[in-house]
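Undergrad: Just so you know, the protein sequences line up as chains A and B, in that order.
Take the first sequence: its position 63, counted from the start at 1, is 63 in the working numbering, and no numbers get skipped.
Take any residue in the second sequence, note its place counting from 1, add 1000, and you have its number in the working numbering.
Hints are computed from structural coordinates only; laboratory data are not their basis.
This one's a predicted model, so the numbers in the text were calculated from it and none came from an experiment.
Yeah, the Cβ is synthetic: ideal placement off N, Cα and C, and Gly gets one too.
Check before you lean on any hint, since a few could be wrong.
Examples of chain B residues lying across from chain A (beta carbon under 8 Å, computed) [as the list claims (entries may be wrong)]:
| hint | residue |
| --- | --- |
| 1 | Gln1054 |
| 2 | Ile1286 |
| 3 | Gln1348 |
| 4 | Thr1381 |
| 5 | Val1495 |
Derived coverage of chain B by chain A (criterion: at least 3 residues anywhere in the stretch with Cβ under 8 Å from a Cβ of chain A; other residues may be distant) [as the list claims (entries may be wrong)]:
| hint | region |
| --- | --- |
| 6 | 1385-1393 |
| 7 | 1436-1449 |
As a plain string of letters, each chain reads:
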Amino acid sequence: MKEIHYVMIKSMLVVSIGLTGCVNVAPWERGNLAKPQMALDPHPLQSEIQSHNYSSREAAPSHKSSTGGGGCGCY
Amino acid sequence: MPKHHGSYHSISDLKESPIKPKKTLQAFTSAALVLPGLLLTSAHAADKDRINFQYSRYQEGERNLFGVPNNLKPISADVLHGSGSLSLTDRTKFFYSYTQDTWSGATPITIAPLAANSNNPVLRDNPFGGTTIVGASPLINRTVQLDHDLNPLRQDPRTGQITGQDSRSVMVLSSASPETRNQGNFGLSREWNEAAVNMGGGFSTERDYKSSFGNIGGRLDFNQKLTSLKFGSGYTHSEIGAILDHDASPYITKTAYARQIERKGGSEILRGDRQDWTANIGLTQILTKSALVDVSVGYTHSNGFMENPYKVMSVIFIDPVALNNNLATPISGDMRALIEQRPNIRNQLAFNTKYIQYIAPFDAALHLNYKFTLDDWGVNTNTFDANWVQPFGNEWTFTPRIRYYSQDAASFYQPYLFSRQTVQMNKFDAGKLPDNFSSDHRLAGFGALSGGATLNRRLSKGINLEAGFEYYTRASAMQIGGGGGNSFADFDYYVASAALRLDMEGVGTSRPGAGNSSHNQHSVVHHQHKIPPAGIMFGHMLDKPGDFMMGYRLMLGRADGHMMHGSHKASDPVIVEQGCSDTLPCRFTPTYMNMRMHMLDIMYAPTKWWNVMLMPTFMDMDMNLRRLDKAPPPVPGVHEHQGIAGHETGAVGDTYFSSLIKLISIPGHRVHMNLGFSAPTGKVDIELRRMAKVDGGLIHFGMQLGSGTWDFMPSLTYTGEKNRWSWGAQVSGVKRLEEKNKSGYRLGDLAQATTWGGYDLTRWLTASVRGAYTWQGAVQRDFDSFNARIGPMDFPANYGGQFWDIGLGMSAVIPGGRFAGNRFGFEWIQPVRNDFNGYQLDRKGMLSATWSYRF
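Generate coordinates for the entire structure from the input sequences, incorporating the hints supplied.
TA: This is how it looks when you write it as C-alpha cells:
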C-alpha cells in the first residue's frame, strides 16, 4: 500500500518536472487559466473553515501546520 | 493567514471595471502576465485590497450511547472571522486575520465497555410522579464483570445477575461549559516580477492552551512563468495549562504526570509545552491552455506534550490469580481512568497533488485533489476531494464539493486496556502498562465522507456574499482496507457559514469621479463632521441614494473592583445577608467581568431621506467569582463555584435592524430619527456544566448573550457643525416588546440621553468630549428553570440603575492616498457616577472602536 503511494507521488513529481521542459503556453493563451474558477484555491474562506474542522476531528496534518495556530482542539 | 488569500481577484475584477469590450483581449493578456501569482496561494502583491467577515457554525450530531437516556447537548461551535489584505506599496502587502471561536457541548472523555454503564443518567423525581432526566454524569471508576477470555459481561442493574456477554464499547461523555479561543495572524509580503517572499506570525489563546507561531516563505517563477516553485517553513510554540476537571479529577489517575501538575487556588493544572517545526516545498506547473497541476511535500516535526489533557484511558485491572483459577465464575475487573500518554515526538510527511482542468463548454473548472500523509505514530491517511466551480454569468458562482478521507489507527490507540495486576491503595506497577496509550477516537481507524457546496453572489461595487454548507459523516466501516471496529465512535456534523467580502479598490474604480483625489478628499472631509463619537450608535446617515456603508464596531466593557450597592461600596457580610434573597444568603460574588461585542454595521441608502441598517452582533464574555467572607459553608447537593477557572460564554448576539429617517437637513444642522428593532438571535439558555454531582443550571443573566425578546430601539439624533466645531445630541431607548423570553425573564428597558462636542485638530482628525446619562430597569420576572443562585448576579433585582458617564474620543478619516475614505473612531467611556440597583460589581469603563468605509 505504502509503496504504491510513493510510486504515485514520485511519478507525479517526475511527470510535472518533466513537463516543464515541453509545455509552451504563450501569455495570450492563458485567458482560461486566468479565470477565478481556475485559482488554486477559489474559496479561501471556506478552505480555512474546512481545514480547521478536519484538523480537530482527524489525525492528518493540516495545511495549518505550516502557518501555525489552530489551538488545542481539545474536545 | 496570508497563504490562503486567493490571488485571482485582480483578474476577476477586470470584468467589472469600465473597460470597453474591444479592450477585453488586452485585459486578459495583461491578466495572463500576472498569472503565476494567480496560481499560488502565497501572498501576492497584485491582489486587490480586501476585507472579509465570516461567521460559521459547527454542529455535531448526537453520539451513539446505545440507548442510555441522556440530555447532553452535542458539541457546537460558533466561529467569527475577520481578515484583510492591504497594499502598503505597489509591491508590499500587509495581511491580518482574527478568529474567535466558542464551543460547548458534551465531549467524549474516554471509551469503556458498554457493560460498565459509565454513561450514567441523572434522574430527578417529578412532583407529579415519574422521573425526568436532568443531566448525565460519567462514571469512570467502575467494576466490570468479565469472563475468562476478558469479554465484558452484562449485569442486570437491579438483581446483579449476569445476563450475558456484551463486547460493545461506548464513548463516555462529559458535558462542558462554553470556552472561547482567540487567534490573530499578521503578515507581510513583497512581490517582484518573478519572485515573492512572505512572512507572518501570530498567536492563539484559550484558557488552557496558548500558541505563538511564525512562518516565512517564498516563490520563484521560471520558464516564462509557466512554472513556479514555492517553499516555506514555520515554527509554533505552545504552552498547555489544562485545569483538570474539578469533578472528575478525584477519579482520574494522574501519577504519570505528578511532576507536571501544579495546585493553585483549589485547582489542579497540568502543564506542558510543545513545539512544531514545518517545512514545505511545492511546484505549480501549467500543463496546457486549460490545465495545471500543483504538487507539494510537507514535513512536520513535533515534540513535547501532545496529549489531550482531558482524555483518559480506561484501564481494567485484573487479578492474575482470579484469571488463572480455572473457575467458571466471572472475574471482577477494576476499571480506572488514566490520563492518556502519547509519544513525545511525532514526524509527519504530507504529499499533496492537485489537478485543475478548465471545462470549456460549461465555463467551469474541475479541481481534483489527492493527499497522502504518513507519520511515525502509524497514522497513514488518504484524502480525495473534488470541486466543480461553476460560474453563472458575472454574478453567481456555485461550487459543489465532495471529499473522502480515510486514516489508519495510531499504533498506541486502544478503546480500553487490560492490565494483569491489582491496584493496592491506588498503587500499581506502571511498568506493566504500555509506554503509550490513548483512546482518543481521533486516533482510531476510520473513514469519512463529506459533501457540500459554496454559493457566491457578487453585488455591485466590489461586494461579495458567500454562503457555504458541508455535511460530514464518519464511519468506522469506511476505512480503507479495514473493518474499523470502532463504529461506536461514528458521528456526523454539519457546518454552515456566511461571509461578506469587500474589495476596496474595486469599489473605488466603480465610483464616478473616483481616482480624482481632490474629489475624494473633498467628499471625505465634507462628511467628516457628521460622524459622531465612536460610542454613538445610529448617529449618522448616508446622503446619496444608492450609497452603501460597511462598518465594524468593537465594544469592550469591564467591571471589577468593589461590589457596590446604590452608589456605595458593599461589604461581604452585607452582600451575604442582603444581596440574594431573604431565604437564601449569597455565597459567591463576581471578581471581574469582561464583555466584548463585535458588530457589523451594514448601511444602505435607498433614498436620501431614508436609510436602512443591519447590524449582526457577536458577543463573548468572561467572569470569575470568589467566595464571600462570612458566606455559609458548602452544603452537599448545592452548586458551588470551585477552582480558579471562571466562566466564558460567546456566540452570536442579538441582531439589530433599523430604518433611519431624515427629518431636518439645513446647512449646519441635521436631525434624524431611527426606528430600530432587535431580533433575539442571542442565546438566553446557556447552562453551566454539571459539577460535583450538582447541576450548574442556567448561567447568570448578565452572561447570557442576548435579551431573548424582540426589542424596539428608537432614537432621535441632532448634529450640527460650524467651521472646525461640531456638536450633537441623542436620546435613545430600548423597549422590550415581550413579557418574557424563553428562559422566563425579561431584561429591563433602557433610556439614554447624551450630548457631545467635537473639534477638528487637523483636517482629518477630530477630538470629542461627550456626556451621557443612562437609566436601565432591573431584570423583570425570573428564570423559569434551574439556576444555581449562588450570588447577586443570579437575582433580577441586582441589574440596572442610573449611570453618568464621560466619553473622550478621537476620530480620523484618511483624507487621501491608498486608504482614502476609511474612517476610524475610538472613544473611552469613563463612569463618573453610578447608582446601581441592588448589589453589583463596579463599572470600570468601556472602549468603543469603529471602522467604516463608504462605497
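Undergrad: Confirm or reject each hint.
TA: Verification of the hints:
1. Gln1054: holds (5 Å)
2. Ile1286: Isoleucine 1286 of chain B check passes; min Cβ-Cβ to chain A is 5 Å, inside 8 Å.
3. Gln1348: holds (4 Å)
4. Thr1381: Holds - the Cβ of threonine 1381 of chain B comes within 8 Å of chain A, reaching about 4 Å at its closest.
5. Val1495: Since the shortest Cβ distance to chain A is 6 Å, the answer is holds.
6. 1385-1393: holds (count 4)
7. 1436-1449: The restraint on the region 1436-1449 of chain B holds, since 3 of its residues have a Cβ under 8 Å from chain A and three suffice.
Figure legend: structure checked against the earlier numbered hints; every hint is met.
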